[in-house]
Each structure stands twice: as C-alpha cells, then as structure tokens.
Amino acid sequence: MSDMQTAAAPAAKNNTRTDRQSDREVVVTRTFDGPARIVFEAWTKPELIMKWWTPKSFGITFISCEADVRTGGSYRFVMGHPAFEQPMTFFGRYLEVDPPRRLVWTNEEGEEGSVTTVTFEEKDGKTYLVLSDLYPSKAALDEAMASGSIGGYPEQFNQLDGLLKSLH
Amino acid sequence: MVQYQSSVDASFAALSDPTRRGVLEQLGRTDASISDLAEKFHMTLTGMKKHVGVLEQAGLVTTRKVGRVRTCRLGNRGLDKEAAWLEQHRRLWAARFDDLDKVVDELKRKENSGE
Numbered sequence: 001m002s003d004m005q006t007a008a009a010p011a012a013k014n015n016t017r018t019d020r021q022s023d024r025e026v027v028v029t030r031t032f033d034g035p036a037r038i039v040f041e042a043w044t045k046p047e048l049i050m051k052w053w054t055p056k057s058f059g060i061t062f063i064s065c066e067a068d069v070r071t072g073g074s075y076r077f078v079m080g081h082p083a084f085e086q087p088m089t090f091f092g093r094y095l096e097v098d099p100p101r102r103l104v105w106t107n108e109e110g111e112e113g114s115v116t117t118v119t120f121e122e123k124d125g126k127t128y129l130v131l132s133d134l135y136p137s138k139a140a141l142d143e144a145m146a147s148g149s150i151g152g153y154p155e156q157f158n159q160l161d162g163l164l165k166s167l168h
Numbered sequence: 001m002v003q004y005q006s007s008v009d010a011s012f013a014a015l016s017d018p019t020r021r022g023v024l025e026q027l028g029r030t031d032a033s034i035s036d037l038a039e040k041f042h043m044t045l046t047g048m049k050k051h052v053g054v055l056e057q058a059g060l061v062t063t064r065k066v067g068r069v070r071t072c073r074l075g076n077r078g079l080d081k082e083a084a085w086l087e088q089h090r091r092l093w094a095a096r097f098d099d100l101d102k103v104v105d106e107l108k109r110k111e112n113s114g115e
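Residue numbers (the numbering used here), protein chains in the order written: chain P, 1 to 168; chain L, 1 to 115.
What the hints contain is simulated information worked out from the structure, not anything from laboratory work. All figures in this text were calculated on a predicted structure; none of them were measured in a lab. Among the hints, erroneous ones may be present.
[To be verified] Some chain L residues near chain P, calculated using beta-carbon distances under 10 Å:
1. Glu39
2. Val66
3. Arg68
4. Arg70
5. Glu82
6. Ala84
7. Leu86
8. Leu92
9. Ala94
10. Phe97
11. Asp98
12. Asp99
13. Val103
14. Glu106
[Said to hold, decoys possible] In silico DSBU-like pairs for lysine-lysine, Cα to Cα no more than 30 Å straight-line:
15. L:Lys110 with P:Lys51
16. P:Lys123 with L:Lys108
17. P:Lys56 with P:Lys45
18. L:Lys49 with L:Lys81
19. L:Lys108 with P:Lys126
20. L:Lys108 with P:Lys51
21. P:Lys56 with L:Lys110
Note that the Cβ used here is the ideal one computed from N, Cα and C, for glycine as well.
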C-alpha cells in the first residue's frame, strides 16, 4: 500500500487510478484539491452525497438517499434509471467512521458483497483518497468481474455509450 | 500503455452495442457460425457479419472458415475481461470524482466566505 501511495501521490493531476491490489481487493486512488475535513464531509452528508454519487453519464438518479454516518449506522440509497421499471436499492452499515480520516462500510445488496474502506490523507491542503473494495474471497471478486456489474450496478446500467462519450 | 489503452477503447466500442454483447455471451457458451448467430439474433447475414467484424477487430472474437462455414469463437481478449472490468470501474469512480471536485470547491468557497 505504501509503495502505491508514494507512486501515485506526486501526480498533481487529478487522475483516478484503479488497481487489482490482490486476489480479492480492488483499489481506486485520487487526489482532491481541498483539505480532508471538506472531502470527508462530502462523503457523510446525504445532501452532499446526492450531488456526486450518481454521475450524469450513467443516467442514474437518486430517488432517496439516507445515510446515518456513524459507526454502526446504516445507509440506504435508492436509485432509478429510465430503462428500468424497478428502482435499485443499495444498503449496508458503517463499520468505522473516523472523521476526517477513514470510512468503512458494508455493501449488502448482493451476496458476497465487498467491504469498502476509504481513507483520506491530507498533505499541503490536498487530500489523497484511497478507496478499497475487499471481497470475502477471490471467487467473489472474480464473480463480480465476470458478471460485468460495476459498483453494484448491473451491467445494463453501465451505459457504455455514455461512458464512451465522456471519454473523448 | 498506449497500446493497452487503444485496445481497451476498441473493446469498449465493440461492447457498446447490445447485439454484440449478446453475441459474446452466446459465444461464451459455444462456438457458432455467422448464420447461426444471424438466426439467433433475428438479423440478416450481412448485418451479423458487420457485428462480428467489429468484435474481431477488437480481438474479442476470432473466426475461422472451414469449407463454406465461418465459425466464430471468443478471442483471446476474453482473457482481458478483468482489465475491461477494472477500466469500467475506474470510469465510474472517475466520473463520480469529477462531480465530487465540484462539491469540494463549493464547500471550500462557503468556508472561505465564513458561512
């Protein structure tokens, strides 16, 4: 982990990087131009989460967003997509809430969901963020990859066309 | 890296079409001829040839002609499914984080203005 941080941290450009860290862990890293307390706040208040969690290019919108961001608290995100009649619900519990350094939550909408850990490391007014999804087993991560589901969204939600447009 | 990127892009372009995704799913189960696929997806032979051509360009499918029948099977790029998944995962988070940048800016401005 420390190797990866030293390698990625100097990149001042806001590049989002993804790596399969191990058989059962996928890590995303990114630097934000703001102090950790502010970046952390944006992950912990429903009215702020709703502003960024569902990117427009994915065509997904929030129907409701509840998040009791305390250790032991739970969250419930309900989302809609024009192509689907039924809304989708994402839910789980916060296992650790340590402001403004660390957030850990479960993803319980599917079987063998990952546990997500986000760390916020502040340096010179910027925040280096590491988001890790740890699956219960190699098979669980392989299965998630094989299903094509991304971030818990079924494959159809990934809106490849929208993504392609946002690429160029 | 550049080569990896362009091959991922070709894969994404190939995968952007639901019929082509269906063809890959089908070939994941068993090899098939172009006419099998055309029939399965209620499509003309010419239409299916085009789709298979795009998948072939992206390395997702290989074809082999035996006699008068062209058989399609999943290409070696099937092994890159993990890379494609990681790339999509990255794009999801990159899109979220671009919006999160705006939220962070907004909060910084509020803080600076003493609200």
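Verification of the hints:
no., hint, result
1, Glu39, "24 Å, violated"
2, Val66, "30 Å, violated"
3, Arg68, "34 Å, violated"
4, Arg70, "27 Å, violated"
5, Glu82, "6 Å, holds"
6, Ala84, "9 Å, holds"
7, Leu86, "5 Å, holds"
8, Leu92, "5 Å, holds"
9, Ala94, "4 Å, holds"
10, Phe97, "5 Å, holds"
11, Asp98, "7 Å, holds"
12, Asp99, "4 Å, holds"
13, Val103, "5 Å, holds"
14, Glu106, "8 Å, holds"
15, L:Lys110 with P:Lys51, "16 Å, holds"
16, P:Lys123 with L:Lys108, "16 Å, holds"
17, P:Lys56 with P:Lys45, "20 Å, holds"
18, L:Lys49 with L:Lys81, "23 Å, holds"
19, L:Lys108 with P:Lys126, "12 Å, holds"
20, L:Lys108 with P:Lys51, "15 Å, holds"
21, P:Lys56 with L:Lys110, "24 Å, holds"
Checked against the numbered hints given earlier, this structure breaks hints 1, 2, 3 and 4; the rest are met.
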